[in-house]
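With the hints as constraints, model all of the structure from the sequences given.
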Amino acid sequence: MSLGGTGVPERARAREILLTPLRRQRWTFLGAGALLCLYQVAEASVPLLLGWIVDHVLEQRSVWAPLLSVSALGVAIFTVSWSWRTAFRFLQAATARRTEELRDEIATSVIASRPSRGEVNGDDLVTVAGEDAGHAADIMEILAVAASALVGILFCAGVLAYIDLALGAMVLGGTAAVLTVLHIISGRIASWGQEHQRLLAVATARVGDLLRGLRPLAGIGGRGAAYQGYRRLSSDAREQAEGLAKLGGVSEMVTTLTSTLLVGLVGVAAGYRALAGDISIGELITVVGLTQFVADPAQQLCRMPQYVAAARASARRLAAVGEPTPMVQGRDLPAAGEVAAIGAWNGEQKWSASEGQLTVVYCSSGHAAEVVEALRAGVDAVPMQCHVQVRGVPTQEADLEQLRGLVLAEARHPQILQGTVGQALVPTGRFAGKETEPDEPSELCSRLRLDDVTVGSALEREVAERGIDLSGGQRQRLALGRALAADPDILVLVDPTSAVDAVTARSISLLLAEKRSGRTTVVLCAGPEWVTVADRVEHMSM
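Counting from 1, one number per residue, gives the positions in the sequence shown under the UniProt record's numbering.
Warning: the hint list may mix true and false statements.
[Claimed, not checked] Pairwise CB distance ranges (calculated): (1) ALA502 - HIS539: 16 to 26 Å; (2) GLY366 - VAL254: 57 to 67 Å; (3) TYR227 - GLU338: 56 to 66 Å; (4) TYR227 - SER446: 33 to 43 Å.
None of these hints come from the bench; they were simulated from the model.
Backbone N, C-alpha and C fix where the C-beta goes; we use that ideal spot for every residue, glycine too.
Okay, structure coming up:
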């Protein structure tokens, strides 16, 4: 089951996210739940055995009766320890697997050929994958603990009812009343928790925006305004967190007070019954022990609505991510022929690039951005004034997989992934099957002058997420090296030398002409250094 489904309401998707692990790992869930129930029964059996020993064993003169009773007590205590540890070992392993599954589904939705069109934007995904996935996966542990707590309460109530019907009824009635109140509070906690996670994700995304735009902001004197904007978002998230904490505190207060009151009432009632002679000394010991024990499962069960509310809120956030848009079969792209490799027109202005040539197009940055968007998005491209064809087939009609396997279009500001420089220069994804020479990454690194990014081997240099620790020129050169290593049939670049000096720009243009000789290459918004290496030059009025 994926994160969402086309046409499925968000609430239904959230419910499916919570129910999926219970189906996929039902034997683990049922086994761990059974062990936790055994743990509750075994622990509740300890005061029951003590009371039975006082009433029936101590008065016997046989030496075997005490030995067998103590042995039974030891078995019960061993069962308590073993069942609890084993159950939680299984549950935590299952929770970790489910968390990994959810994060894999989020990644699949984001990097799919037709990504998710959900309500969660890219920057918010860090918080959704990092926190919400874990909270939603906790549902197995929450339900298993809740079921075992309920079994513990029912077992205690049954024993108490056997000893005295009024005591058993008091335990069951008090627990039901408390759970009803907490269920009402949990609905509020769920809505507040979902809003808190949203505000936290927005604030986290703003931090990333500030880090990426710190240099431009400093240049225009906008750091103060940007900081104030982040401060407002952070304050909203903090206030929401404080409200959520207060609501959680109210829930915890109700849980503690009511469970303590319930235990006290049962204990007082049991003492009164013992003084009246209605129950024996052994039964009094059992009642007092069970009264103290029942406080723990009662508190656990009373806390469950709060935990379930948090899991539901996270599941709704995960459901908002959605799932990838279904692929549609488009027109096949023909093999290279006499038709232009790429053609674009905007009103009466048009240009084309022939197969196997380096074409330089002087155009506006807006036109270049529309061309790249059309080549990348294909059928999913937003409506635009520019129309683009690849080998005679409009991009909005072309098969998306074929289009992306044929054309690599790099935007003006390319995305740089975290890793080493050497990893960036090794073809991946659709171009992973390309054969490369062993020393090609080193050659590209040297000829693109990437040696200046570090002292020593540039290939081993670690690059931060989105290349925020590199200058604009270094990011451009690394992205260009990555594109050259991929060696696509058609390569489209946008002003790939705008952030480097004239000497470096000249050497890069010569390198591109050499490496892409006989291959189709288009350079949009090109600088003057590209004219001398181009096979064809096109002009569009700015």
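Item to check | Range hint compliance [Cβ, ALA502 to HIS539, 16 to 26 Å] | outcome: Roughly 22 Å apart at Cβ, these two residues keep to the hinted range, so it holds.
Checklist entry - Is the hinted range of 56 to 66 Å satisfied by the C-beta distance from TYR227 to GLU338? => result 58 Å, holds
Next on the checklist: I want to verify a distance hint. Is the separation of the beta carbons of GLY366 and VAL254 within 57 to 67 Å?
Outcome noted: At roughly 59 Å between Cβ atoms, VAL254 and GLY366 fall inside 57 to 67 Å, so the hint holds.
Item to check | Distance restraint evaluation - TYR227, SER446, Cβ atoms, bounds 33 to 43 Å | outcome: 41 Å, holds
Every hint, counting from the list given before, is met by this structure.
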